[in-house]
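**Student:** Sequence:
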Amino acid sequence: GFRNFVVGTAYSRTEPAQAALFGLLFLGERSAAGTLLAIAISVVGVMFISVARTGCGIRSLVSSLYSRTALAGIASGTAFGIAAVAYRAASLALGYPGFLMQAAVTLLATISFQTVLMLAWIGWRERSEFVRIRASWKISAIVGMVGATASFGWFAAMTLQQSAVVKALAQIEILFTIATSILFFREKTNLLEFTGSALIIAGILSLLYVG
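Basically our numbering = 1-based index in the sequence shown + 68.
Hints were generated in silico from the structure; no laboratory data involved. It cannot be assumed that every hint is accurate.
[To be verified] Capping the alpha-carbon separation at 20 Å, the derived lysine to any residue pairs in SDA-like fashion look like this:
| no. | residue 1 | residue 2 |
| --- | --- | --- |
| 1 | 206 | 196 |
| 2 | 206 | 183 |
| 3 | 256 | 241 |
| 4 | 206 | 187 |
| 5 | 256 | 121 |
| 6 | 206 | 218 |
| 7 | 256 | 272 |
| 8 | 256 | 122 |
| 9 | 206 | 186 |
| 10 | 206 | 216 |
| 11 | 256 | 240 |
| 12 | 256 | 274 |
| 13 | 206 | 241 |
| 14 | 256 | 243 |
| 15 | 206 | 217 |
| 16 | 256 | 242 |
| 17 | 256 | 244 |
| 18 | 256 | 120 |
| 19 | 256 | 269 |
| 20 | 256 | 246 |
[Unchecked claim] Simulated DEER-style distance windows between Cβ atoms:
| no. | residue 1 | residue 2 | range |
| --- | --- | --- | --- |
| 21 | 192 | 219 | 35 to 41 Å |
| 22 | 211 | 184 | 16 to 22 Å |
| 23 | 165 | 211 | 28 to 34 Å |
| 24 | 245 | 163 | 35 to 41 Å |
| 25 | 177 | 134 | 34 to 40 Å |
| 26 | 177 | 209 | 18 to 24 Å |
| 27 | 181 | 102 | 34 to 40 Å |
Think of the CB as a built atom: it goes at the ideal place given N, C-alpha and C, for glycine as much as any other residue.
Throw the hints in and build the complete structure from the sequences for me.
**Tutor:** What follows is the structure in structure tokens.
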């Protein structure tokens with residue numbers, strides 16, 4: 069049910085911590101103790117925010133650690149962490165002519181691969197979707213361009229810095245989301261959201277300091 073979804077989502081937020089582990093295993097990238105601590109602080113903050121409005125408290129989150137749902141969430145974080153490290157490895161393997169071009173080439177290969185897989189899936193399972201895609205190609209193209217631009221930022225950053233650090237710093241987007249909900253939708257923050265936000269800020273500032 070909803071509680072399972074929340075638990076799974078919260079544990080999927082362990083991606084930055086897992087990316088640090090996979091960066092060490094696959095690329096031999098060692099992180100300073102201060103960096104690892106900062107990443108851990110930001111991850112805990114995001115997990116707090118993930119359950120802040122759900123009725124599932126921290127105690128419930130901890131007690132669900134070995135549940136199937138939590139393991140699925142952790143597996144999701146594992147997949148994202150491996151993907152992030154793989155993108156960095158692919159970009160660094162190019163070795164030329166600069167981080168922007170390396171990121172662009174890696175992104176192009178990634179998007180092309182994803183597009184081929186998606187087209188194959190739609191052709192196999194949902195052929196009627198091709199009609200809808202054709203009907204809304206203009207707005208879809210705009211959305212795709214915006215998404216590709218955002219992804220380019222990710223890839224460029226991960227070419228320059230360890231994936232775990234990039235992913236941890238990117239948690240700041242959650243703070244922008246909360247700020248938007250307060251300013252535009254007049255929503256009030258609760259204690260868990262406030263605590264989670266404070267932890268994210270502390271983690272990001274720590275990363276900037278040790279970096």
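**Student:** A separate judgement is required for each hint: does it hold in the structure or not?
**Tutor:** Consistency of the hints with the structure:
1. 206 to 196: 18 Å, holds
2. 206 to 183: 17 Å, holds
3. 256 to 241: 18 Å, holds
4. 206 to 187: 18 Å, holds
5. 256 to 121: At roughly 11 Å apart (the allowed maximum being 20 Å), residue 121 and residue 256 satisfy the hint.
6. 206 to 218: 19 Å, holds
7. 256 to 272: Judged against 20 Å, a Cα distance of about 23 Å means the pair is violated.
8. 256 to 122: The given pair, whose Cα atoms are some 14 Å apart, holds under the 20 Å limit.
9. 206 to 186: Since the Cα atoms of residue 206 and residue 186 sit roughly 19 Å apart, the hinted pair holds (cutoff 20 Å).
10. 206 to 216: 15 Å, holds
11. 256 to 240: Holds, because 19 Å separates the two Cα atoms, which is no more than 20 Å.
12. 256 to 274: 27 Å, violated
13. 206 to 241: Not OK: residue 206 and residue 241 at ~27 Å, beyond 20 Å, violated.
14. 256 to 243: Holds: residue 256 and residue 243 sit about 14 Å apart, inside 20 Å.
15. 206 to 217: 17 Å, holds
16. 256 to 242: Satisfied, since the Cα-Cα distance of roughly 15 Å is no more than 20 Å.
17. 256 to 244: Satisfied, since the Cα-Cα distance of roughly 14 Å is no more than 20 Å.
18. 256 to 120: 12 Å, holds
19. 256 to 269: Judged against 20 Å, a Cα distance of about 19 Å means the pair holds.
20. 256 to 246: Between residue 256 and residue 246 the Cα gap is close to 9 Å, so the pair holds against 20 Å.
21. 192 to 219: 35 to 41 Å: Hint violated: Cβ distance 25 Å, outside 35 to 41 Å.
22. 211 to 184: 16 to 22 Å: Holds, at about 19 Å.
23. 165 to 211: 28 to 34 Å: With Cβ atoms ~30 Å apart, the hint holds.
24. 245 to 163: 35 to 41 Å: About 37 Å separates the Cβ atoms of residue 245 and residue 163, which means 35 to 41 Å holds.
25. 177 to 134: 34 to 40 Å: 38 Å, holds
26. 177 to 209: 18 to 24 Å: Given range 18 to 24 Å: holds, Cβ gap about 20 Å.
27. 181 to 102: 34 to 40 Å: The hinted range 34 to 40 Å holds for residue 181 and residue 102, with Cβ atoms some 36 Å apart.
Of the numbered hints listed earlier, those contradicted by the structure are 7, 12, 13 and 21.
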